[in-house]
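Could you put together the complete structure from these sequences and hints?
Residue numbers (the numbering used here), protein chains in the order written: chain A, 1 to 493; chain B, 1 to 493.
Simulated from the structure, these hints should not be mistaken for lab results. Computed from a predicted structure; not experimentally measured. Careful: at least some of the hints might be erroneous.
[Said to hold, decoys possible] Chain B regions said to be covered by chain A (calculated; three or more residues, Cβ under 8 Å):
1. 4-18
2. 24-36
3. 40-54
4. 211-224
5. 234-247
Every residue gets a Cβ at the ideal spot worked out from N, C-alpha and C, and that includes glycine.
2 protein chains.
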Amino acid sequence: MTAYDRLTARFARIATINEAASMLSWDAAAMMPSGGGAARGDQLAVLAGLAHGLLTEPATADDLAAAYAGEDAWQHANLALMRHAHTRATAVPADLVEAQVRANSACEKIWREARRNADFAAVAPHLAEVVSLVRQQAQALAPALGLSEYDALMDGYQRGIGAADVAPVFAAYGQFLHTALPLAEAIQSAKPAPRRPQGPFPAAAQEALCRALSEAAGLEPTHSRLDRSTHPFCGGTATDVRITTRYNEDDFSQSLMGVMHETGHALYERGLPVAYARQPVGEAAGMGAHESQSLIVEMQACRSDAYLSWLGPKLLAAFGGDATDYAAENLGRLWRRVERGFIRVDADEMTYPAHVILRFRLEQALVAGDLAVSGLPGAWNDGLRDLLGIVPPDDARGCLQDIHWYDGAIGYFPSYTLGAMAAAQLMAAARRDVAGLDAGLAQGDLSPLIGWLRVKVHGQGSLLGFNDLLRAATGKPLDPADFEAHLTARYLV
Amino acid sequence: MTAYDRLTARFARIATINEAASMLSWDAAAMMPSGGGAARGDQLAVLAGLAHGLLTEPATADDLAAAYAGEDAWQHANLALMRHAHTRATAVPADLVEAQVRANSACEKIWREARRNADFAAVAPHLAEVVSLVRQQAQALAPALGLSEYDALMDGYQRGIGAADVAPVFAAYGQFLHTALPLAEAIQSAKPAPRRPQGPFPAAAQEALCRALSEAAGLEPTHSRLDRSTHPFCGGTATDVRITTRYNEDDFSQSLMGVMHETGHALYERGLPVAYARQPVGEAAGMGAHESQSLIVEMQACRSDAYLSWLGPKLLAAFGGDATDYAAENLGRLWRRVERGFIRVDADEMTYPAHVILRFRLEQALVAGDLAVSGLPGAWNDGLRDLLGIVPPDDARGCLQDIHWYDGAIGYFPSYTLGAMAAAQLMAAARRDVAGLDAGLAQGDLSPLIGWLRVKVHGQGSLLGFNDLLRAATGKPLDPADFEAHLTARYLV
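Here you go:
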């Protein structure tokens, strides 16, 4: 057995432990009675410890030093990703990791209360501690990875792209938005207001419809489940994907578009290369890449005129009511509405990147030490005014709205907009490559799109980093032009 | 940190891994789509390997050799149980364990087909291999545990009682049955036939009723779930118990009594001593003890005249129909019916022990080498004729009916009847100790019984072995007299 063979066995074992943890996390969100929470926390901690132990024990380092993966590009990349994972796991001292777990957990608890009371001061000292520890983490990771400190954090969520790539893309988008947003608003306000279908829409009927649409998009019931949870997500494993949603009986659009979003994530997991299952190179290419797959299904395909023309009659059949409510043109005006708002998760696809750009700028400044935590509310409000021309009335609708920083997740936010832009870029390339893509959507058939994505994205696993994946699939690295063209076609005509 | 402290931490870690595995097993039976099966098998195998590794690594043996638990009875028992678990895990060579896993798995697959075709010859060579390996396992375990070979196997399912204790109890029951069964049949046939409520009984209504009754019996929804699976069981963990059932819309009695049975198991888990959670002494006292808790709820409490008088109106309210069908007297005749049959799992409480006694005798002979696998069908048919006066028409309804032996589980069968007898013995003691126990049942209130069991059984964890647990709770070791008195009162008057 070669060192490389021993490593593939070891990483398969680590991945299998992580699969178990993923299933238990799904259960905690979708099934577990409240009384099981404490024990579940212990179970997940023990599994994480076992996986971390297998990754960091001396035998791993010995084999990584000795291993030769041969000339095959996949094996070569796999070994590089093993070394990368090992570096990330060993670069940060164990006592710093523990301090972060404690500080993040304490801060997140206080944050829930602080957000409720719109009281940033109450959580500020805790956030300062979290940021201080994240900075230490970044300082430990950066030299080991050969990246800048902020990029070393971003790398934990999305490999293969850094702040130097993202900053100009985001800056260009900011400029686009400056002109496009007022124009889109003017065009929108000149059109009739959309008609909103009147409920109630029984949860059971919504669920049946969501299941049918998800399956029609290609997610096999033999390899997936759809359940309910407070916060919708896609979890589980590649052969047993678990997606969740929640049902509002007054408005079916949240569950419907939410499930199609999670279906996009799920199809990515289902399409990962089976030959490299449980190997680093067989995993999804990162959080930005993952978001591109949820958004290409939800935003690009399912909110397209073509798909809505097919969907309308299905909705009418499922819920009854007034057929004019379900006309594609009305659904388009209803579900593609631009609005300047304070809350990122409620934002439309045109203004969403502004929320991300704001956070990207602020978290870079926090990590660099250029912005103190005490200055965050002011910087937030100034930034939002610059980007969207609005100022939140309180910090609950400002810098307290997202859990991420308060839970120690810094470097994650760009992934959302990388995903949105990549989705548009991939869609444009798919339209060039695949005849009949939109004709398919008009029949509710996503298979031409999904088939192309399986080859260009899903089946590529982690062979390439973010920008190289885009380059191979679309002929260029991340470029906001396709996203801007998409928005122009959808909102500015 | 003392050696004992290190051991408690280690065993807590092992228990936490086993909790994760228990949850994943529940998921596999109740939730998992079929496509997840292969990965789930890997996940469970890795977790089992990790737990086994922690138990058998040299540091465990070193600490076990050095540990001193002090004078406290619980800690003393805990250390003894740690040593016992370690002995069981290390006494059997790893290559024998692997050979058993392979042989059991192969045999069980062939058995499914063989049972379908009533073709014992097809599976006989595989069963011979399984039995041969079990005999080697028993030969390895026996000297390490200081037990006979058969008792060493039984010990894997129920500590604290052996064949020498069980044999006379079973022999006495055989004698009782010889007289009691014809008498019960005569009395039963002299009474009017029971009226069977006519369905359909919608699964949703059955489920709602099962939930309500289980909760009324004391199982808190904050610490439990009720779901569906092909084979009903009780799984999960002490703070998050998962019970399952299946619904037949023509007959609600199976789900109803099945759920009360699993509720008995669940209440045992819920009542285990919290101070020793995740320690060997904090676990349930064995499979026989566990079955005593399911049967005391299902057979002793819920099929009692008192409980049925309360239950009848609830059934009428849930399902509607003819009130006379739900009279306690009719429910008693319907759900307490003696019948000589071939199939163990369909047997009533009077004839069930005959099925177990048959298997107890045959598996002892198999382990001792006194019975060859080729002689099993004949010995089975002879034994059933002796015990119940009937002979199965084919081996599918004879020695092929149960999975246990074909999956390598030898020494397990006695637990069912140990449980049934212990349930009657505990019920008799509870009636002596607790005023108003039956008056409570007549109000649907199990809390006087469950309160007593929490003290006498649940809260005792594994402090005592089976016979000592009974002795402490009832004043005597296992004694079939209480079970016979129960049957006499229920069937012979």
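Evaluation of the provided hints:
With 3 residues carrying a beta carbon less than 8 Å from a beta carbon of chain A, the region 4-18 of chain B meets the three-residue requirement, and the given coverage holds. Residues of the region 24-36 of chain B with a Cβ under 8 Å from some Cβ of chain A number 8, which satisfies the need for three, so the listed coverage holds. For a cut-off of 8 Å, the count of residues in the region 40-54 of chain B with a CB near a CB of chain A stands at 6, and the three-residue condition holds. Proximity of the region 211-224 of chain B to chain A, defined as three or more residues with a beta carbon under 8 Å from a beta carbon of that chain, is established by the 5 residues found.
Restraint check on the region 234-247 of chain B versus chain A: 5 residues with Cβ-Cβ distances below 8 Å, three needed, restraint holds.
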